[in-house]
Amino acid sequence: MKALDDYALDGNAIGGLLIEVFGTEMTTATGTCASCGAVRQVAELVVYRSALGTVVRCRSCDAVLMTFVHIHGVTCVDLQGLASLA
Amino acid sequence: MARTAVRGRLTWQTATVGSVTDETPQVRTLSLEVADWPGHRAGQHVDVRLTADDGYQAERAYSIASAPGEPLAITVERLDDGEVSPYLTEELQPGDFLEVRGPIGGYFVWEPDFGGPLMLLAGGSGVVPLRAMLRYQGLVGSSVPVRLLYSSRSWEDVIYRAELDSLSDGVEVTYALTRSQPPGWTGYARRVDQPMLAEVAWPATQQPLAYVCGPTSFVEAVASGLVALGYPAGRVRTERFGATGQ
Chain L
96 MKALDDYALD GNAIGGLLIE VFGTEMTTAT GTCASCGAVR QVAELVVYRS ALGTVVRCRS
156 CDAVLMTFVH IHGVTCVDLQ GLASLA
Chain X
181 MARTAVRGRL TWQTATVGSV TDETPQVRTL SLEVADWPGH RAGQHVDVRL TADDGYQAER
241 AYSIASAPGE PLAITVERLD DGEVSPYLTE ELQPGDFLEV RGPIGGYFVW EPDFGGPLML
301 LAGGSGVVPL RAMLRYQGLV GSSVPVRLLY SSRSWEDVIY RAELDSLSDG VEVTYALTRS
361 QPPGWTGYAR RVDQPMLAEV AWPATQQPLA YVCGPTSFVE AVASGLVALG YPAGRVRTER
421 FGATGQ
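Chains as they are written, first to last, in this note's numbering: chain L, 96 to 181; chain X, 181 to 426.
Chain X with its partners taken away, still in its complex shape (with noise of 0.2 Å):
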């Protein structure tokens, strides 16, 4: 019984940062060796505690990047006014440590047998649990079919690019870029809109299952959104970063 009750609280633990992986300009995974740890579930996250040497603590929240049964990854893109992601993407070398606890949230998260086509919209850096999922898919082999919509400022900025272009047939991804497009692009070139959505999201009807990632303004549009075309509230589970510059 101790060690169910010591095993069940969320307390601080030191991480070494295994491998460094830039995935654009602003963004980088990095992956975290914890000892003892105990898994995660496809969606959930980790807070990072930062400490300067006067004592001031800085703490935030970053996205699981890996599926379940890997090892510990977080994808985290820089804030160039941000207290914590500058020292993550530019200062950190692999064999660092940092302060960690998790896994953290039960409601943004996806198991297998939750049926339905799945939904999947991310807005920038949103893409991050969602990439968890697609890879937790095809771990699990999972028939659930899958479609993506990824809204993005430019291809550049587009994370795990080519992953996201290796998937299996049974993932659909779609690209909106908002602000520049590649030569001869011939894909969406806006924000995603309820004319988008209309096109790309599974219909209401098939009874899918939405996760809706990314800046909070982005969030509150595509929910409301997927809502008008008929998905019940319930089936729209959402998560949001607040104001990241996307």
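Next up, chain L with everything else stripped away, as it sits in the complex (with noise of 0.2 Å):
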């Protein structure tokens, strides 16, 4: 049985959703995690996949920064983990 750790992605791995949702490419954009302070480009944050949707956390505190859900074709999107992403 791997770590769960092993199993993490990184923000690349989710250039297409988030183009999907911002409607431009977001990998290279730089978030604030709201929790730490901490200041990573996209590509670098911590990104776990699944069947249910996408968990987007803080590879300084590990705290989510964001989540997507798809539901009957639609894309539920939650940032209040993020201070700012531009």
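Derived contacts from chain L toward chain X, CB cut-off under 8 Å, selection only:
#, residue
1, Asp100
2, Leu104
3, Asp105
4, Thr122
What the simulated footprint calls covered on chain L by chain X, stretch by stretch (three residues with Cβ under 8 Å from a Cβ of chain X suffice, anywhere in the stretch; the number is not a length):
#, region
5, 110 to 117
6, 129 to 142
No lab work stands behind these hints, which were simulated from the structure alone. We treat Cβ as the ideally placed atom computed from N, Cα and C, and that holds for glycine.
Assembly of the complex is requested from the two constituent chains, each provided in isolation within its own frame, with the hints serving as guidance.
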């Protein structure tokens, strides 16, 4: 059994999903964690994908930054863990 | 303006499988023909979507194996418990169709004017986007010196072996074979570790630019190792494939 972290991807893997949601390439955008203030490019964030949806976590403090869930063809987006995304 | 808006959107397109090339017993390269392919950058990927008869869909990202200017190709490693890769590597035939969207990604990309000696580090199928960079470097006649450190389970698992053997003098390739080695092997016979990085990687004083791609555990170990050698974190670009069994 591999550790959960072995299954972690990074923000590169959700470049397509992010274009779907934001309409533009976002992996080079900068995200600021609302919990610890860490500033990183989206490509460097920790990403877990499953059939249920996608969770993006801070690489510094592990806080949840973004979640994406697909229901009936609609993508529900929660960005409350981010102080900013630019 | 309307045309610009439409071109900027990422839409699923039908790709026709052109040729199929076996790279290793587990790995296959598919050339894909997509109408109006806009071109791609070295290091980008495409999303591939499969739809089952009952409507269930599975989506995966695959690195583009070809250089900018070359026809689109992806290289896929078969994961025995995978939902998508067994189909791509065992079932799909030339002339079959596939849904793709892309190109995707602006972070793990290389352009000739990025400068620096180039330090490429691959774990298993993590070599795929780095191969696109190597081909591009050759095609544009870039004088940037390149080193590739490529960790693979065995000699048989080395992807693009013939091509890597025939690279120009400006490219040095070092292999680390982690599980088994051919008779008479004198190269590294272990996972990439700190002493190996210190021996193979460009010294940080030369201001190298590093690209690290492979299973997550490989990327974590290598990227932190490079930073420990003095590479600024901003000069180490990473792409993690998750747990791919490397």
